[in-house]
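Sequence order for the protein chains is D, X and E. The first sequence begins at 25 in the working numbering and counts up by one. The second sequence begins at 25 in the working numbering and counts up by one. The third sequence begins at 25 in the working numbering and counts up by one.
Hints are not guaranteed to be accurate.
Each pair may be met inside one copy or between any two copies, as identical chains are not told apart.
List of simulated lysine to aspartate or glutamate pairs, EDC-like, C-alpha gap at most 20 Å [claimed, not checked]:
1) Lys83 / Glu225
2) Lys170 / Glu141
3) Lys79 / Glu225
4) Lys134 / Asp105
5) Lys136 / Glu69
6) Lys79 / Glu188
7) Lys134 / Glu188
8) Lys134 / Glu201
9) Lys98 / Asp229
10) Lys134 / Asp187
The hints are simulated quantities; they were obtained by calculation from the structure and are not laboratory data.
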Amino acid sequence: MDISKIMQFLIPKDKKFFPLFEQAADNLVKTAVLLNKMLLIQDAEQRDVVISEIKEHEKIGDDITHNIFEELNKTFITPFDREDIHELTSSLDDVLDYINSSCQRIRLYKPKEISPEFVDMAELITQACREIKTAISELSNLKNPKKINNACIRINDIENQADEVYYLAISSYFQEEKNAIELIKKKEIIQTLEKATDMAEDVADVLKTILVKSA
Amino acid sequence: MDISKIMQFLIPKDKKFFPLFEQAADNLVKTAVLLNKMLLIQDAEQRDVVISEIKEHEKIGDDITHNIFEELNKTFITPFDREDIHELTSSLDDVLDYINSSCQRIRLYKPKEISPEFVDMAELITQACREIKTAISELSNLKNPKKINNACIRINDIENQADEVYYLAISSYFQEEKNAIELIKKKEIIQTLEKATDMAEDVADVLKTILVKSA
Amino acid sequence: MDISKIMQFLIPKDKKFFPLFEQAADNLVKTAVLLNKMLLIQDAEQRDVVISEIKEHEKIGDDITHNIFEELNKTFITPFDREDIHELTSSLDDVLDYINSSCQRIRLYKPKEISPEFVDMAELITQACREIKTAISELSNLKNPKKINNACIRINDIENQADEVYYLAISSYFQEEKNAIELIKKKEIIQTLEKATDMAEDVADVLKTILVKSA
Chain D
25 MDISKIMQFL
35 IPKDKKFFPL
45 FEQAADNLVK
55 TAVLLNKMLL
65 IQDAEQRDVV
75 ISEIKEHEKI
85 GDDITHNIFE
95 ELNKTFITPF
105 DREDIHELTS
115 SLDDVLDYIN
125 SSCQRIRLYK
135 PKEISPEFVD
145 MAELITQACR
155 EIKTAISELS
165 NLKNPKKINN
175 ACIRINDIEN
185 QADEVYYLAI
195 SSYFQEEKNA
205 IELIKKKEII
215 QTLEKATDMA
225 EDVADVLKTI
235 LVKSA
Chain X
25 MDISKIMQFL
35 IPKDKKFFPL
45 FEQAADNLVK
55 TAVLLNKMLL
65 IQDAEQRDVV
75 ISEIKEHEKI
85 GDDITHNIFE
95 ELNKTFITPF
105 DREDIHELTS
115 SLDDVLDYIN
125 SSCQRIRLYK
135 PKEISPEFVD
145 MAELITQACR
155 EIKTAISELS
165 NLKNPKKINN
175 ACIRINDIEN
185 QADEVYYLAI
195 SSYFQEEKNA
205 IELIKKKEII
215 QTLEKATDMA
225 EDVADVLKTI
235 LVKSA
Chain E
25 MDISKIMQFL
35 IPKDKKFFPL
45 FEQAADNLVK
55 TAVLLNKMLL
65 IQDAEQRDVV
75 ISEIKEHEKI
85 GDDITHNIFE
95 ELNKTFITPF
105 DREDIHELTS
115 SLDDVLDYIN
125 SSCQRIRLYK
135 PKEISPEFVD
145 MAELITQACR
155 EIKTAISELS
165 NLKNPKKINN
175 ACIRINDIEN
185 QADEVYYLAI
195 SSYFQEEKNA
205 IELIKKKEII
215 QTLEKATDMA
225 EDVADVLKTI
235 LVKSA
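Chain D on its own, in the form it takes in the complex (with noise of 0.2 Å):
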């Protein structure tokens, strides 16, 4: 054991991971102003133009996320614990996925209405990933831990309130949707909305864990 810890000291730490981290989150900002761009036009087959350029981020997410996999492959000595590489990328991916699907929701099951609720998450889910963009781009060198750490507590933030319009929102559609089919299609678009911020609250825990172990 622990040899490692001893020649992470001893041994340049591999730097090819931060560009690539910053790369995610840069790709993740640019996605979620999409997704509120999106749910801002009325007509459904503008939307789906905008589906598509969101579609596109998400497959060069999938990229990146393929090459920082292939370097935690070949890189003996890593900035942090690989299994926080892992977790970090895997976090990162899964808040794209989310505001993907969201959008194929959208795309596919062409809800009557676009809902309220939904414009209110895709807010929270924008600030989420600008938190989480700002956290990544203080990784690199550490002198800001707090930097870090605040930007994590904002994502928690963020979580609870997406939390807040996720029930109001579930509770108002059982209430008033009395066509099953549009409240089918509207409470699986929130939750999968509201899925995003869970994510985005993934990395702020991962953010945290490597935080605590470089302390």
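Since chain D is already given, all that's left is putting chains X and E on it; use the hints.
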């Protein structure tokens, strides 16, 4: 490799984890008892009072989980493999989360009736949580591995019974419930309850792994 | 660190795992073939007979999984990384679980018709399982890494086709099925079938990881 294994014999094992696991198991049993209590209440508003209590217990569980993970990040020599501590903690938390989620669904969906299968499933969940508590209380000394093993066998058996209850419930809902929205409500509530017993089985699986490794 | 890596060259690798993986892959192909057979049966009662057979195969798979995990806990030097053996075993089991779950849903939900998309999806699942079997049979000697790699590429391709089938199915159900309860049935059955191809992709991912590490 496994200088760590040798060291585990030389260095006193860290005992801080066991009281935390016991807290988690204890909190789980209390929450399961509240679940049963809640399902027997006829009045929806009075039910919501108990559901709020259950939510409080879920927060207590989150704090315990957080404490264990923090301990894990600080501790050099753990009483059993780090990955198993992680897995045990997460699976205990998952049981709690699914109990709470079921309750939140009841609160949000306001189903017209509490289906008798919910009560049957809650009874099985409580039995599983009691078995978990029994097993966990034996974990610190491992003098009675057979006791842990027997608890795990009973949890597996309970999970099989839960599967049966679940299958019969779903089958009867689809046969008898003609209101699609009420069907969705019942189906998702029983699914979430059943998930809690799946997670109890995950707890049993990791306990068995710990037993095998320490044999 | 990585005294283990050195030892892996010195000590004969444990060959017990490969026959177990082959059993798992073989059981998977047989189950997928039964799935196809079942979906072509018009009579619901006769379908249920084949669904019971599929359930038996799922239990066989559980036993194989259990044997691999037990072997893993007993074995000091594994033929490749423990975590990859774990991941491969779990993902093989996940494919089987989702095939079985789809069938159980058909049994419980009693959909008025077997949607043609179920049949298309079952065909893709079977192709993916055959590719898994091909890849697994090459794993013990690794003389033909290209053969494993090609199987993985084909699994990815099959998963993309499955996505297409899924999207078209969901879209047509929401456009054409006016009975909300029948819509729920079809939607959940196709979702569970599609999940089986996702899990096949997870198998391919871990196989690729094993290849990269052993290169």
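Structure-based check of all given hints:
1. Lys83 / Glu225: between (22 Å within a copy, 16 Å between copies)
2. Lys170 / Glu141: neither (32 Å within a copy, 49 Å between copies)
3. Lys79 / Glu225: For Lys79 and Glu225, the Cα distance is within 20 Å only across copies (19 Å; inside one copy 23 Å).
4. Lys134 / Asp105: neither (44 Å within a copy, 46 Å between copies)
5. Lys136 / Glu69: Only inside one copy: Lys136 and Glu69 sit 13 Å apart there, 33 Å across copies, limit 20 Å.
6. Lys79 / Glu188: between (28 Å within a copy, 14 Å between copies)
7. Lys134 / Glu188: between (25 Å within a copy, 17 Å between copies)
8. Lys134 / Glu201: Both, since 16 Å and 14 Å are each at most 20 Å.
9. Lys98 / Asp229: between (26 Å within a copy, 16 Å between copies)
10. Lys134 / Asp187: between (24 Å within a copy, 18 Å between copies)
The structure fails to meet hints 2, 4 from the earlier list, while all remaining hints are met.
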